[in-house]
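K.L.:
Using the sequences plus the hints, can you model the full thing?
Residue numbers (numbering that gives the first Met the number 0): 0 to 562.
Please note that the accuracy of each hint is not assured.
Calculated pairs, BS3-like style, for lysine-lysine (alpha carbon to alpha carbon, straight line, at most 25 angstroms) [stated by the list, open to error]: (1) Lys38 - Lys52; (2) Lys52 - Lys106; (3) Lys444 - Lys482; (4) Lys195 - Lys106.
With beta-carbon atoms standing in for the labels, derived distance ranges [stated by the list, open to error]: (5) Asp363 - Arg174: 46 to 54 angstroms; (6) Glu177 - Gly259: 15 to 23 angstroms; (7) Leu19 - Thr61: 34 to 42 angstroms.
Calculated from the structure, these hints are not laboratory results.
C-beta atoms are modelled at their ideal positions from N, C-alpha and C, and glycine is treated no differently.
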Amino acid sequence: MAAELTAHQLIAQHRPTLDLALETIRTRAYWSPHPEHPKAYGENGSLDTAAGKAAFDALSGTRLDLGQPGTDGWVGGEVSPYGIELGVEYPHADLDVLLPAMQAGQKAWRDAGAELRAMVCLEILKRIADRTMEFAQAVMHTSGQAFMMAFQAGGPHAQDRGMEAVAYAYVEQSRTPETAEWTKPQGKRDPLALTKRFTPVPRGIGLVVGCNTFPTWNGYPGLFASLATGNAVLVKPHPRAVLPLALTVQVARDVLTEAGFDPNLVALAAERPGEGIAKTLATRPEIRIIDYTGSTAFGDWLEANARQAQVYTEKAGVNTVIVESTDDYQGMLANLAFSLSLYSGQMCTTPQNLLIPRDGIRTDQGVKSYDEVTADLARAVDGLLGDDARANALLGAIVNPDVKARLEAATGLGEVALASREVANPEFPDAVVRTPVIVKLDGAKPEDEAAYTSECFGPVSFAVAVDSADHAVELLRRSVREKGAMTVGAYTTDPEVEEAVQEVCLDEAAQLSLNLTGGVYVNQTAAFSDFHGSGGNPAANAALCDGAFVANRFRVVEVRRPA
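P.N.:
Next comes the structure, spelled out in structure tokens:
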């Protein structure tokens, strides 16, 4: 079939966008081609909120037939954290049929070259962006995020991360020229002359193992990094969050077909209940790249056992904020309250441990004791979430029973400074919505150490009393080194303390935010500018995104001949 999307059309439409992305990852300035406000998506049109909701609702009771080879049955059963059954079925794959079919299209995809691959990837992202409101509903009802967060994080911010990966992939592939004329002088004899051609070649099939909480935001970097570097990509969603990635695969297959490539370059691997195909896939010889977001236990297993693949993991860490002093006490409290509350703390970047000197902190309102800081923070969270409508808009729903169990167990770990309360959601009565809990612990007591040195994923934070700023810095260093951290925060007006915290983060490779008191929060990162994770501590072995995240997904093969 002739391509409906020609290379010329794709380059004309998307090359300017790629150039802007390339410039932005160089300058690290703010830029996004994807608006993050719903009003930008039109009113009463195909892109607006109502149309997106209607498209999402229309999926219920349907089979998402992707036309994949090797389909041997249908699977489904997703239930929204808001209490509704999604009712969508997905193809179940016979891997012995699907994987060879995926490999068959790689030669033409490899030969297309880095630029055309990038253009096809950007067309996929554009088609996804055109359906942002539908994707927002899909993310909301699989992750439990409130609508606005599902729209932003699952839509434009995820699309930004995918485009960022395409830009880095293009940079790394174009670092080496396609051809070179090589001449070596030989004195009185004729020079030696060779013509050399350099071709980026893919490693093989990339496997994206999706997560429950941020299926698109965490899934798109690996998906587009592998695809843009010439690899086929098999997407294995989390069983509770299939729909957003299944829709992504559907869009990608449509675009690949229209551009004249094999649609099987991107495929879906949905699983039956309890099947656990991630382990099976991860050790198959056809799988040469793995991108994973999720628990430390399975991330460690992948790194140890998927020996044939290049493995990129984002696991878990113990995120820490040192509270030593501030010149904006109310701004600090408001910023921390929002950070602890957003999406019920179900983010890999949410602060867990707040290290506060037991003798108190210096502020613009005078010295505040440890107890005062803790009580004031509890009041700030209460004030932020006191209105149930606002609480629902910030908290979303508890994503799974394990998070609820950890929240309930946390109250037995120490003195409760802020109790969690149940919030009713009138629109979704079956949603489990809970406000955060803050527990007071003592950093000098060995019996408290087990609690604050382990990750407690969800709306749980520990206000840890420490002996001094030096003690806080020491605990921070040990925590990042042993457990890892996706984020570190600090509040201090003391240059020496600031320097000490920076040195720990540089030594232990942890991303640091200092003195945030406005509308930027420690648990948020911006594509094209911020690095998500570092790859240098136990929380993750890769960063989203940098050159290292894409460069090992391909190899350069040289063919040389006499000139």
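K.L.:
So, against the hints stated earlier in the document, which numbers end up violated here?
P.N.:
Violated hint: only 2; rest satisfied.
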